[in-house]
Amino acid sequence: MILADTFDWSTFPDAIRFIGDHPGLLWDKSLEQLHLSGVALGIALLIALPLGVVLGHFRRGSLIAITVANFGRALPSLVLIAFFLLVSTNFFWDNTAALVILAIPPILTNSYFAVEGVDRSVVEAARGMGMAGRQILLRVELPLALPLIFAGIRIAAVFVIATATIAAIAGGGGLGDIIVNQATYRLSGLVAASLCVSLLAFGAAFVLAVTRKLLSHSFVSDD
Amino acid sequence: MIGLLAGGPVIPDFGAGSKCETENQAFCWSWVSAHWGDTLQPALLQHLKLTGIAVAIGFAIAFGAALLAYRYRRLDQPIGLFADFLYTIPSLALFQLLVPITGITVTTVEIALVAYTLLILYRNILEGLRGVPAEVREAAKGMGLTGPQTLLRVELPLATPAIVAGLRIATVSTISIATVAAFILPEGLGRPIYIGITQDVFKTEIIAAGALTIVLALAADALLIALQRLVTPWRRA
Numbered sequence: 025m026i027l028a029d030t031f032d033w034s035t036f037p038d039a040i041r042f043i044g045d046h047p048g049l050l051w052d053k054s055l056e057q058l059h060l061s062g063v064a065l066g067i068a069l070l071i072a073l074p075l076g077v078v079l080g081h082f083r084r085g086s087l088i089a090i091t092v093a094n095f096g097r098a099l100p101s102l103v104l105i106a107f108f109l110l111v112s113t114n115f116f117w118d119n120t121a122a123l124v125i126l127a128i129p130p131i132l133t134n135s136y137f138a139v140e141g142v143d144r145s146v147v148e149a150a151r152g153m154g155m156a157g158r159q160i161l162l163r164v165e166l167p168l169a170l171p172l173i174f175a176g177i178r179i180a181a182v183f184v185i186a187t188a189t190i191a192a193i194a195g196g197g198g199l200g201d202i203i204v205n206q207a208t209y210r211l212s213g214l215v216a217a218s219l220c221v222s223l224l225a226f227g228a229a230f231v232l233a234v235t236r237k238l239l240s241h242s243f244v245s246d247d
Numbered sequence: 007m008i009g010l011l012a013g014g015p016v017i018p019d020f021g022a023g024s025k026c027e028t029e030n031q032a033f034c035w036s037w038v039s040a041h042w043g044d045t046l047q048p049a050l051l052q053h054l055k056l057t058g059i060a061v062a063i064g065f066a067i068a069f070g071a072a073l074l075a076y077r078y079r080r081l082d083q084p085i086g087l088f089a090d091f092l093y094t095i096p097s098l099a100l101f102q103l104l105v106p107i108t109g110i111t112v113t114t115v116e117i118a119l120v121a122y123t124l125l126i127l128y129r130n131i132l133e134g135l136r137g138v139p140a141e142v143r144e145a146a147k148g149m150g151l152t153g154p155q156t157l158l159r160v161e162l163p164l165a166t167p168a169i170v171a172g173l174r175i176a177t178v179s180t181i182s183i184a185t186v187a188a189f190i191l192p193e194g195l196g197r198p199i200y201i202g203i204t205q206d207v208f209k210t211e212i213i214a215a216g217a218l219t220i221v222l223a224l225a226a227d228a229l230l231i232a233l234q235r236l237v238t239p240w241r242r243a
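Protein sequences appear in the order of chains A and B.
The first sequence begins at 25 in my numbering and counts up one residue at a time.
The second sequence begins at 7 in my numbering and counts up one residue at a time.
Since the hints were derived computationally from the structure, they do not count as laboratory data.
Please note that a few of the clues may not be correct.
Among the chain A residues that face chain B by a calculated CB cut under 7 angstroms, a handful are [said to hold, decoys possible]:
| no. | residue |
| --- | --- |
| 1 | A98 |
| 2 | V164 |
| 3 | L166 |
| 4 | T189 |
| 5 | I190 |
| 6 | G195 |
| 7 | G197 |
| 8 | I203 |
| 9 | L214 |
Cβ atoms here follow ideal geometry from the backbone N, Cα and C, with glycine treated the same way.
Go ahead and model the full structure; you've got the sequences and the hints to work with.
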């Protein structure tokens, strides 16, 4: 690794200049990173969200939810990426598969405990009003569980976007390409690229917060 | 101090290995038993040390910050935002960013690892303290306990489950992030994995080091659960 630059007060202005000089590069790499993270997060949502919500609705499987959470945290991202590299050589799907597995635990556990944790008396009241199981789930439990479910998605999203950087080691592309290639892009490129990663992560968290707000409004104005 | 533990990275010697190793089959026990002493065990011990130091320092800082934010509510948001920001810096970048300042040293790795423990530990310690019911605090006051006494004898014990929950997450994720440290420093279980990815894809080494990392994380988690049961005997029903 070549470390040509020293870190000093000019590093951050240099990084800003780097952003100004290479907007196209950073934009392309950001899109790559978003693509990789988005696909992974989407697949993880499709798997974990329904599973967590339904298990929580029936109040079954707390052991599964806890085990998945504990085990999922114990899986280091680098180890997962390396493992998938051994079984296939499609760099995009190797990294996506690793990121999906990393994103599932927080979504599954949070959605399970969010729905399971809805006040029992509220559910009983809904049942007393003649609501069927599915109606209770959609109109009572889900709206009440929304904050915690979104907290889980937020953790997963920030984590996946930050971790997708490591994918560059295994040919996954994205902003990590700039970060691991300091010899070419210098320290200013490294700082600029990590700023972009942080921005993407905060951006995702912001989008999720807005989505949550819109969703809870639509729930409220439902009746 | 490092010299005592480090055996340095050992590049697998394909020539002298068994048939399984030369053919790079999925997993060779012969390699694991031959290189446990010179590669895997030192890496495991280094990993344990990196994690232990990071969690200890991270806990001390987060504890102080949480106490401050508990006392002065206004501080909560800025501290939380700062920890949030640290958490979104990609680990790969943070390790490299620190190299020009602190060099290719254990210090560099520890600073980054500590930075990542702060958010989880801070949030959990603060939530734990805030979760203490107001009437319990009032009762302690009524019994004549001073502020520090209430903290030590009432609030902290009651916050222990939340604090240990934070410690578990912080420890396990530090074990995970420490593998990325191998990108700059030839230490820890990440090294064989990193070499495996970027140089020669020697399957046994990647799988063995990866499995050891996971086992280490699960063992640390189990140990902390046992610790919590030990320090909060009143919670055992």
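Each hint tested on the structure:
1. A least Cβ separation of about 4 angstroms between A/A98 and chain B falls short of the 7 angstroms threshold, and the interface hint therefore holds.
2. The closest approach between the C-beta of A/V164 and any C-beta of chain B is roughly 26 angstroms, which is over the 7 angstroms cut-off, so the hint fails.
3. The closest approach between the C-beta of A/L166 and any C-beta of chain B is roughly 25 angstroms, which is over the 7 angstroms cut-off, so the hint fails.
4. With a least beta-carbon distance of about 4 angstroms to chain B, the hint placing A/T189 at the interface is held under the 7 angstroms criterion.
5. For A/I190, the shortest C-beta to C-beta distance to chain B is roughly 6 angstroms, which falls under 7 angstroms, so the interface hint holds.
6. Taken as an interface hint, A/G195 does not check out: its beta carbon lies about 9 angstroms from the nearest beta carbon of chain B, beyond 7 angstroms.
7. Residue-level restraint check for A/G197 is violated (minimum Cβ-Cβ distance to chain B is 14 angstroms; threshold 7 angstroms).
8. A least Cβ separation of about 5 angstroms between A/I203 and chain B falls short of the 7 angstroms threshold, and the interface hint therefore holds.
9. Using the Cβ-Cβ criterion of 7 angstroms, the hint placing A/L214 at the interface with chain B is satisfied: the shortest such distance is roughly 6 angstroms.
Violated hints, in rising order: 2, 3, 6 and 7; the structure is consistent with all others.
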